[in-house]
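Chains A and B supply the protein sequences, listed in that same order.
Take the position in the first sequence, starting the count at 1, then add 26; the result is the number in the numbering used here.
Take the position in the second sequence, starting the count at 1, then add 76; the result is the number in the numbering used here.
These aren't lab readings, by the way, just hints derived from the structure by calculation.
None of the values given here were measured: they were computed from a predicted structure.
Hints may be right or wrong, so weigh each one.
Dumping the calculated DSSO-like pairs for lysine-lysine here, alpha-carbon to alpha-carbon at most 27 Å [what the hints assert, rightly or not]: (1) B:K96 <-> B:K131; (2) A:K140 <-> A:K78; (3) B:K131 <-> B:K117; (4) A:K103 <-> A:K82; (5) B:K96 <-> B:K117; (6) A:K94 <-> A:K78; (7) B:K96 <-> A:K86; (8) B:K131 <-> A:K103; (9) A:K140 <-> B:K140.
Below, a sample of chain B positions facing chain A; criterion: calculated Cβ distance under 10 Å [claimed, not checked]: (10) V80; (11) L122; (12) Y179; (13) V191.
Here are a few chain B residues that sit away from chain A, every Cβ distance over 10 Å (derived from the structure) [said to hold, decoys possible]: (14) P84; (15) K90; (16) S91; (17) L102; (18) Q118; (19) Q136; (20) L150; (21) E180.
Every residue, glycine too, gets a C-beta built ideally from N, C-alpha and C.
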Amino acid sequence: GDSVTQMEGPVTLSEEAFLTINCTYTATGYPSLFWYVQYPGEGLQLLLKATKADDKGSNKGFEATYRKETTSFHLEKGSVQVSDSAVYFCALSDPRGTGGFKTIFGAGTRLFVKA
Amino acid sequence: GAVVSQHPSWVICKSGTSVKIECRSLDFQATTMFWYRQFPKQSLMLMATSNEGSKATYEQGVEKDKFLINHASLTLSTLTVTSAHPEDSSFYICSARVQGGAYEQYFGPGTRLTVT
Numbered sequence: 027g028d029s030v031t032q033m034e035g036p037v038t039l040s041e042e043a044f045l046t047i048n049c050t051y052t053a054t055g056y057p058s059l060f061w062y063v064q065y066p067g068e069g070l071q072l073l074l075k076a077t078k079a080d081d082k083g084s085n086k087g088f089e090a091t092y093r094k095e096t097t098s099f100h101l102e103k104g105s106v107q108v109s110d111s112a113v114y115f116c117a118l119s120d121p122r123g124t125g126g127f128k129t130i131f132g133a134g135t136r137l138f139v140k141a
Numbered sequence: 077g078a079v080v081s082q083h084p085s086w087v088i089c090k091s092g093t094s095v096k097i098e099c100r101s102l103d104f105q106a107t108t109m110f111w112y113r114q115f116p117k118q119s120l121m122l123m124a125t126s127n128e129g130s131k132a133t134y135e136q137g138v139e140k141d142k143f144l145i146n147h148a149s150l151t152l153s154t155l156t157v158t159s160a161h162p163e164d165s166s167f168y169i170c171s172a173r174v175q176g177g178a179y180e181q182y183f184g185p186g187t188r189l190t191v192t
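Chain B with its partners taken away, still in its complex shape (with noise of 0.2 Å):
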């Protein structure tokens, strides 16, 4: 159980467009998701914790308008990473939060975003 995917694994994109990252829980309801970038042999950095139903809270530093997050379904939150530049090449990953027991999170695979 508590597994979640994202699509697409990896995406090369032209700077200057747009890229959507999908994250699905496909066997649980997942009232919160949040949102991760990974750079090579680092830590995770949060960038958005995003509720089903209402707007994205954004960390520090995370442009909102850059980096949109939809989460409108109990199921499905989105990244679309807009106007993107290569800069923003990175290792994305999404991960739901399970309600009550622990508090722990279950990840997607992750998407590796290249601009060229």
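The shape of chain A in the complex, shown without the other chains (with noise of 0.2 Å):
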């Protein structure tokens, strides 16, 4: 069946360090890739999205490319700041799968980023 894969974490950075968390997929059909971010005591928050290859999903600094070819959807960042800690995950839809309607998550990267 569809399922995400990403890096175990935690990640610890320093503040302006880059950030890549790794994460590939194995699907069906043809999903949809999210990457959800959640902040300590809170729900999830959609970070970014990319619906078809090739595409470039970016938010708040943060980038991740659709790459149909390694079934990869890397999350990366330029220069992370104190306040980008938080668990990141991975995660598909593609109503045609074998999910349905469901999002599958990965089991989600802890970063922790120092002063």
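Put the two chains together into one complex; each comes in its own frame, and the hints tell you how they fit.
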């Protein structure tokens, strides 16, 4: 069935460092891909999305490109801030796939940014 | 746009009692809502998919008689934890799917349930 695999955390970076969180997926159809962010004690917020191959989602300095050839959707940011400390979830949704209308989430990657 | 609220944000109840959690889409209509459970430092576990006007679809292993879900309108879904026990203590999060688009979901802020 459809699945999402993302790098294990926690990831600890200094402020202004470059961030990459790897995400790969398995899907039978043509999924839409998402990154969600969860700040401590809160629900999830949609960070960015991409709906087809080669699309680049971007928001708040974060970017991710839908790579069908490598089935990847890695999250990047050029210069992280302390306020970016959170848990990041990679996810996919493919109504024509095995998950139906469900969103399939990765395990989450916790990011700590030190001042 | 696409704001989802949850109420209450936290609740403490005694073992054996029932607790109702509300999930509302504030500025859009949600034909489909989802209920998740999240344990500390873990990912979300989908409990059930709630469709307006019909019975919820529960994931394998989730007791439908214990976790009652009602989706009576296009903007409101409720989760009732019946006869709560300490092992039901968790963070419950709802989300609503926007019709059309990329099938992204918009999440509520979550409800922290503690059963004593």
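Now the hints, each set against the structure:
Our distance criterion of 27 Å between C-alpha atoms is met by B:K96 and B:K131, whose separation comes to about 17 Å. As the CA atoms of A:K140 and A:K78 are separated by approximately 35 Å, the hinted pair breaks the 27 Å bound. Simply put, B:K131 and B:K117 have alpha-carbon atoms about 31 Å apart, too far for the 27 Å limit, and the pair is violated. A hinted pair counts as satisfied when its Cα atoms are at most 27 Å apart, and A:K103 with A:K82 qualifies at roughly 13 Å.
For the proposed pair B:K96 and B:K117, the alpha carbon gap of about 24 Å is at most 27 Å, so the pair holds. Taken as a hint, the A:K94 and A:K78 pair is honoured in the structure, with Cα atoms around 8 Å apart against an allowance of 27 Å. Note on B:K96 and A:K86: the hinted pairing is violated, with a Cα-Cα distance of about 36 Å set against a maximum of 27 Å. Between B:K131 and A:K103 the alpha-carbon distance is near 42 Å, which puts this suggested pair outside the 27 Å criterion.
Between A:K140 and B:K140 the alpha-carbon distance is near 44 Å, which puts this suggested pair outside the 27 Å criterion. With a cut of 10 Å, the hint placing B:V80 at the interface with chain A holds, because the nearest CB-to-CB distance is about 8 Å. Nearest Cβ of chain A to the Cβ of B:L122: about 6 Å, under the 10 Å cut. The hint holds. At a threshold of 10 Å, the smallest CB-CB gap from B:Y179 to chain A is about 4 Å, leaving the interface hint in force.
Interface hint at B:V191: violated, since its Cβ lies 19 Å from the closest Cβ of chain A, which is beyond the 10 Å cut-off. Annotated as non-interface, B:P84 keeps its C-beta farther than 10 Å from every C-beta of chain A; the closest such distance is 14 Å. For B:K90, the non-interface assignment is confirmed: its Cβ lies about 24 Å from the closest Cβ of chain A, beyond the 10 Å cut-off. Once the 10 Å rule is applied to beta carbons, B:S91 is consistent with being away from chain A; the minimum gap is 24 Å.
The beta carbon of B:L102 sits about 14 Å from the closest Cβ of chain A, which is more than 10 Å, so the claim that it is off the interface holds. Not every CB of chain A is more than 10 Å from the CB of B:Q118 (nearest about 8 Å), against its label as outside the interface. Residue-level check passed: B:Q136 sits 13 Å from the nearest beta carbon of chain A, beyond 10 Å. Non-interface call for B:L150 relative to chain A: holds, since the shortest CB-CB distance, roughly 16 Å, exceeds 10 Å.
Not every beta carbon of chain A lies more than 10 Å from that of B:E180, the smallest distance being close to 5 Å; the non-interface claim is violated.
Figure legend: structure checked against the earlier numbered hints; hints not met, in rising order: 2, 3, 7, 8, 9, 13, 18 and 21.
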